[in-house]
Amino acid sequence: MYQAEIRKPLVTGGKSYADVTNDICRPIENKPSSSWWLGFSVALVLLLVLIGTLGWTTWEGIGTWGVNKTVMWGWDITNFVFWIGIGHAGTLISAILLLFRQKWRMSINRSAEAMTIFAVLCAAVFPLFHMGRVWLGYWPLPLPNAFGSLWVNFNSPLLWDVFAISTYFSVSLVFWYLGLIPDIATVRDRAKSKGRKFWYGFFAMGWNGSARTWARYEVVALILAGISTPLVLSVHTIVSFDFATSVIPGWHTTIFPPYFVAGAIFSGFGMVLTLLLVARHVMGYQDYITSEHLEAMCKVILLTGSIVGLAYITEFVIAAYSGYEYEQYAFMNRMFGPYAWAYWTMMTCNLIAPQVFWSKWARTTPWFIFIISIIVNIGMWFERFVIIVTSLHRDFLPSSWVMYKPTWVEAGIFAGTLGLFFTLFFLFAKFLPVINMSEVKTIIKDKE
Amino acid sequence: MGHHTITEITEEKYHFNGRSKMIAIVLLVLGLVLAGIGAMQVQNHWNDAQTEEVATEHAEGAHHNETPAEHHGEAAGEHEAGTHDEHGANWMSRVWANLLMNSYYFLLFAVGALFFLAVNYVANAGWATLLKRIAEAMTSYIAVGFVILFAVIVLAKDQFYHWVTYFDQGLAPGDAGYDGILESKSWLLNSTSLYFLIPFIVIVWYGIRMKLRQNSIKEDQEGGLGYFRNSIRWSAGFIFFFAFSFSALSWLVIMSIDAHWYSTMFSVYNFAVTFVTSLSVMMMILLYLKNKGYMEMVSDEVVHDLGKFMFAFCVFWGYIFLGQWLLIWYANLPEETVYFAARLEGIYRPMFFVNIFMCFLLPFLVLMMRNAKRNPLVLLVAGLLILVGHWVDVYLMVMPGVVGDHASIGLLEIGTTLAFAGLFIYIVLNSLSKANLYAKNHPYILESANHDVGP
Amino acid sequence: MIDKKVQIGDKKFTLGVFNDEGKLLNAVRSLRKKEVNIFDCYTPFPVHHLDKEMGIKRTNLTVIAFICGALGTTTGFSLAYYMNVLDWPMIIGGKPMDVTVFTSFIPIMFELTVLFTAFGMVIAFFTRSSMIHGFKQDILDLRQTDDLMLLAIEVNEDQPISDDEIKSIINNEGALEIRERGQALEVTY
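Heads up: the protein sequence lines correspond to chains E, D and R, in order. Mapped onto my numbering, the consecutive letters of the first sequence carry residue numbers 1 to 448. Mapped onto my numbering, the consecutive letters of the second sequence carry residue numbers 449 to 903. Mapped onto my numbering, the consecutive letters of the third sequence carry residue numbers 904 to 1092.
The calculated EDC-like cross-link candidates involving lysine to aspartate or glutamate, where the alpha carbons are at most 16 angstroms apart (straight line), are: (1) R/Lys960 - E/Glu218; (2) E/Lys445 - R/Asp923; (3) R/Lys955 - E/Glu218; (4) D/Lys888 - E/Glu5; (5) E/Lys15 - R/Asp923.
Computed list of chain D residues with no C-beta within reach of chain E, every gap over 10 angstroms: (6) Gln489; (7) Asn538; (8) Met540; (9) Ala591; (10) Thr613; (11) Tyr626; (12) Pro647; (13) Ile665; (14) Trp682; (15) Lys738; (16) Arg791; (17) Val802; (18) Leu859.
No wet-lab data here; the hints were simulated from the structure. It should be emphasised that the depicted structure is a prediction, and the values quoted were computed from it without experimental measurement. Each residue gets a CB set at the ideal place from its N, CA and C atoms; glycine is no exception.
Required output: the full structure, derived from the provided sequences and hints.
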């Protein structure tokens, strides 16, 4: 495809096709480095924490958590929304940016999609265990049951969530796997040992790079991108419906669907940047994840951060405009109530911090981007905390006003999901190519 | 197949000749005449109906004659903005409402085009560069369009905004007719907002528009990357300012018609309308030019991608519509449902469904197939569906609050719309003829000329 | 359903090996000018326009996608309608469960549309491309998934020009080497 003179190359270092294959297969074919082992062990320890705290919760019950009658959703749903949000960047990068022909997505889509899948897994832990009796976790499925023909309630946003998240998880998995097939075939054809030949051969499904298959493959990828785009939007929209279909001030506001989607993309890109900056440094992929990529991602952070900021201000202005005292109180309570510190953390991290990306220096300095990306992660966690806890803890009835404090079990589960996430991510980085080789090979000759 | 790379951009100029000029002027004049006849019809009809209605109301003991104090003394939740506003309606209300909705609607096309330009700069997108001059020409309507809109608002504010008449009374708590809800909105709903905030917003937009246009023309003459880079900066600033200012504008101009009602989605909803309609107008202009033998360099591939954008933002509108509707329907709070109640009951009911069909379902089905987006006729149909559909959309935003049950679609509505269409076409085509049809020195212009949508 | 053409079997082939997609495209173009029937090409990444140059028709998988999607929408609606309206109607939140709560059905109808489209299309893709376990697949060169591009032409009487002419065209277009099938490594999964 024709490229304008002024476009900068997206892969630097004058790589040939063989170089791309060698560079990206190296971590898979070599023994893992000591830094990999170190990171993996830490993640495994945290995973054990997850298993322990979840076991304790299951054994003792939800009473081990800090949630109470007024604040019935606390850290669990905060973390659920936090992880689901993070799970949005991957499909966004591969689907929406594919439709928008943003070629810089090519080096980062693989790991972002992997991140999506792992994040959705982490998210699923929370509602599942909050149900209390996790062994009855199949009850939200539309199955006939033994007590008569009472079915699930299709009027409930929580049921929509069940459908949305399982669809999102499986479609993302299929999309990711489909993208992996040509690269798995590459690894298969380079494999020396019998075991590797078998396993990579098994998952490559006999891919041979035929032009006919490629032609079909590209159409399938495009359609998948086309349907994944509204899917991504729908998932966080439905998560926002969990709140916004209620009548609780601070939850019930019509801007929630697009606001949650923008927030999800924002937090997702925050996490993608955090991970990629580390991976790029540790694995030495500076030629593939160039400062062009970082800059583009910073711009997305700036854009979505500003949209989130716009939504905060819209909510606030319209609450003031509404003339509805409960709505107005909810926002005053956020700003000046007992959880004001959380609100101002959120505002600083989400609205103000990303604005530094108006400066080109900020967008191209990796260590600085890393700091901002961490701040964005923190800010988006607090956004969910603010929405959930501050809206709930002072409801219509002042006699039921309470404060909410998480227990060590909740903290342990949250830390544990970080362990689950990173364990999976380290395994992914060891066994699968973290950059999409076949896609990157299509752009290395763009600049010659 | 596409291995023949285009390396040079032909210079082409659009001639706004007698025939096209004639059509635009005829539309404008015909529209005015029809609107005039329509207005007289409305006046006669209104007077007749009014006499009848007064008679029945007296006979039935007149729900409508309850004192304002009783009416406003009710809890906020039971307050029905929809039935309230028609109280002061007279036949001129319908004329003014038509002027308001059309001046707003056509202004949206121009603003949407400006947003399109800015987004393409900021996203470093190359495919649409050949269409840049069409978008630029569309933005030229902002000035005239806004002058009309502003004049309409200033002249007839008491017709549209019952808070204007309310605040004129200067009531104190305890007075008959005191409305605490409106009082609490006085910080936004006041004459400063109307007279200063609205013009300020649009003047800034127009200023940025002038800067972008100037850069574009100078780039044509002098070349170089300076103007391009400068435009990116202005575009980024524009998008940031636009996000906040457009929200404020849509609240002030449209949402405050139903002053008791509020929805945080409203500005996003209006943005969705803006973008999808301006893309459709752009498509119409492009098809017209290609039909006239201009813009041969714009390949089917570029048309296809513009069609994809139309499709995508149709879906986006559907999403935003559903988001707003579902939440209000689901929570069932009276202070919110009043907006939809006024539109789902009585004379607006059919239009409410027409709106959904024409803005989302039909264009969605029409534009879904790949070949549809490469067929001028299908694109024309889809574009018209979207434009008429959103006309209904804006109609539904404005009319219930201003004229209530006295609305209908007659010569007045058709005439006013035609007149605005004529004016819009005249201004845009005139502006289009002032510069080359292609921004030939734009760094991405060749990408657009060699564009290929791929699989 | 299954694309027979990709099954190489025991046929005899001429293979042109390239390391540049531009040269491969030129070779395909020159051969097609002579109306040579190209069996297939094998590339490590999708080569832009290669399918069009080879004369491969656009796939109709999108039709399958559409049908599956429509099926998903219907399934979503039917599930909700049967379970909550016909079989066990309830009144929840003051909303009687009948077709007027259609709005509530939309999210699940949408999700199932996407789910059915994605899975239907991907399954159709695997089937159509014979990517099924237990199916023979021919890897002509281990580097065809790495950095080499292969052009495979079946040697038979139907070709309009002789095998030598074909080889010389491929050679002129800058092939690294020309092989006959049997010289290449054969790996079957």
